[in-house]
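J.: Using the sequences and the hints, build the whole thing.
Residue numbers (this note's numbering), protein chains in the order written: chain B, 1 to 142; chain R, 1 to 228; chain Y, 1 to 151.
Hints are supplied without guarantee of correctness; some may be wrong.
Unchecked claim - Between beta-carbon pairs, the in silico distance windows are:
#, chain 1, residue 1, chain 2, residue 2, range
1, Y, Phe58, R, Asn80, 36 to 46 Å
2, Y, Phe58, R, Thr163, 50 to 60 Å
3, R, Pro55, Y, Phe12, 48 to 58 Å
4, R, Ala207, B, Lys120, 26 to 36 Å
Derived from the structure by calculation, the hints contain no laboratory data. Keep in mind that this is a model prediction, so the values were computed, not measured. Every residue gets a Cβ at the ideal spot worked out from N, C-alpha and C, and that includes glycine.
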Amino acid sequence: MRLSLVRQLLLLLGLAFLPAIGQAIYYRDAPSWQQRPGDSAPVTLAQAKAWGSAALWLDARSEEQFTRGHVPGAMLLNEDDWHSLLPPVLGAWSPERKLVVYCSRQTCDASHVVAERLRKEAGLPNVYVLEGGWEEWEAAAK
Amino acid sequence: MKRNTILALLGLFGLFAGTAHAALVWEKSEVELNPSLSDKTAVAHFKYKNTGEQPVKITSVHSSCGCTTAALAKDEVEPNESGEITATFNIGDRSGVQNKTITVMTDDQPAQAKVLRLKATIPQLITVAPIFVYWSEKDKLELKTITVDVGDFPVTKLTVTPTDKSIETEVKPGANKKQFLIVVRPTESGRPINASLKIEPDYPKDAPKLFYANVRVDSRATATPPPQ
Amino acid sequence: MTSKQARFGGRFFVRLILAIAVGGVFLYAGALKVRDPLRFASDIDHYQMIPWTVAVRFAFYLPWLEILCGLSLVFQRLFAGAIVLAGGLMLVFLVATAWARLHGIDITCGCFGTASSNLSLTWHLVLDGGILAALLVLWLIREPMPAANPA
Chain B
1 MRLSLVRQLL LLLGLAFLPA IGQAIYYRDA PSWQQRPGDS APVTLAQAKA WGSAALWLDA
61 RSEEQFTRGH VPGAMLLNED DWHSLLPPVL GAWSPERKLV VYCSRQTCDA SHVVAERLRK
121 EAGLPNVYVL EGGWEEWEAA AK
Chain R
1 MKRNTILALL GLFGLFAGTA HAALVWEKSE VELNPSLSDK TAVAHFKYKN TGEQPVKITS
61 VHSSCGCTTA ALAKDEVEPN ESGEITATFN IGDRSGVQNK TITVMTDDQP AQAKVLRLKA
121 TIPQLITVAP IFVYWSEKDK LELKTITVDV GDFPVTKLTV TPTDKSIETE VKPGANKKQF
181 LIVVRPTESG RPINASLKIE PDYPKDAPKL FYANVRVDSR ATATPPPQ
Chain Y
1 MTSKQARFGG RFFVRLILAI AVGGVFLYAG ALKVRDPLRF ASDIDHYQMI PWTVAVRFAF
61 YLPWLEILCG LSLVFQRLFA GAIVLAGGLM LVFLVATAWA RLHGIDITCG CFGTASSNLS
121 LTWHLVLDGG ILAALLVLWL IREPMPAANP A
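T.: Following this line, the structure appears as structure tokens:
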């Protein structure tokens with residue numbers, strides 16, 4: 001029996017759901033359903049500022065960029081010198097504090113990488129990445 | 001009517017394909033690098049050639065992170081001229097697979113950003129997990145364990161040196177030949193401790209590499225007596 | 001012309017070859033993506049057309065739809081539906097590619113998984129255009145020819 005075009009379309013569209021749902025069930029524990037894999041929780045500048053002294057600001061850019069200008073009170077923590085920069089950060093940290101990591105522009109991945117290393121390697125909770133990065137802070141400061 | 005429609009569509013696609021041809025052609029847009037344990041940088045060369053009839057100007061070269069610098073010999077590329085962009089990736093304290101991009105903008109038509117990809121697989125001598133052990137003021141000063149997994153290298157021994165004498169450490173064999181356990185125990189209470197553990201594998205012998213774990217003990221934690 | 005010649009004439013072979021070729025492409029493309037749906041979700045996300053939560057769900061569904069289309073085309077079952085669906089999928093990919101170029105986004109297309117990162121954008125569009133043209137031809141010749149000597 002020849003089905004009409006519409007029925008054929010619906011049948012194909014519907015049948016594809018079955019293996020798709022099966023595969024989704026297999027991947028059900030993947031944390032990427034809500035967030036891109038490896039993404040730390042983003043935080044807006046306003047939210048981070050509202051945390052006040054509970055926020056520990058971390059600059060993931062190069063030392064040169066940090067020297068030129070950084071968020072007041074921020075600590076430098078990048079992958080170039082991770083081993084020597086990390087201990088003072090851990091000294092300043094406490095379980096109630098919220099870590100806000102930033103770098104240049106949204107497309108820079110340094111802040112995400114540093115945040116991920118803090119979460120995975122150091123096991124620290126409450127690690128966030130600043131949306132808009134350093135440029136967002138500079139724009140708000142003007 | 002049907003034949004004409006097909007011909008028209010094919011013609012349109014051909015036209016589209018014909019106009020979308022850029023003059024600057026890249027030999028490779030993805031380079032994979034495998035630096036050795038002792039390397040501090042990894043360098044990639046991206047070669048290009050101007051196959052068009054007009055000079056092409058490279059207007060900007062921008063990398064995705066500060067760790068990769070891209071150098072250009074000159075920015076104006078004459079017809080038939082070749083050149084290259086040298087990307088130097090600073091390894092620093094990075095490990096594992098690193099993906100970095102370099103975006104090149106030109107005045108080529110059709111104007112587009114060319115993304116060059118650099119993939120560096122940095123060998124991991126050992127992996128330390130976790131790199132931070134912490135006792136809050138409420139925690140009892142009980143043992144904590146750091147697991148060290150060895151990569152594809154002949155490491156047979158680890159030497160662990162705490163930077164604070166009140167931190168005791170002991171290295172034990174792990175679940176297999178490629179694993180070690182570092183048992184950490186603070187012996188004092190009453191003062192806050194913020195120390196590092198210097199971890200030194202016995203390979204490579206000529207250029208030893210140091211790894212670190214961090215220990216923090218907040219004051220007023222109660223000490224447990226050492227095991228008998 | 002005998003009835004047998006009418007049934008297995010030139011039109012039949014053109015349809016067979018095109019159906020297997022285009023069906024094969026869809027099977028290949030779908031199989032590549034089905035192996036790593038999260039990587040495909042990342043590729044869709046690069047187009048920045050839809051939010052991540054939608055992209056990840058599409059990434060699980062689309063490859064299976066492609067595989068099903070491919071099978072339908074190769075075996076010429078639910079044929080008309082498969083042609084229309086395949087054509088629709090190609091149009092979506094072409095529009096997405098045009099959108100990304102317009103927004104200056106560099107993409108490795110993601111159409112053929114990691115295999116596509118070696119094809120330039122132009123060749124992608126040429127390939128996609130070729131597939132679309134083949135689907136159009138299939139649509140036009142989809143009906144088997146009527147018997148030369150009707151009863």
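J.: Can the suggested window of 48 to 58 Å be confirmed for the beta-carbon pair Pro55(R) and Phe12(Y)?
T.: holds, 54 Å
J.: Could you check the hint for me, namely that Ala207(R) and Lys120(B) are 26 to 36 Å apart, CB to CB?
T.: Distance hint for Ala207(R), Lys120(B) holds at roughly 27 Å.
J.: Given a hinted range of 36 to 46 Å, is it respected by the beta-carbon distance of Phe58(Y) and Asn80(R)?
T.: holds, 45 Å
J.: Has the hinted range 50 to 60 Å been met by the Cβ atoms of Phe58(Y) and Thr163(R)?
T.: holds, 52 Å
Hint violations for this structure: none, all hints satisfied.
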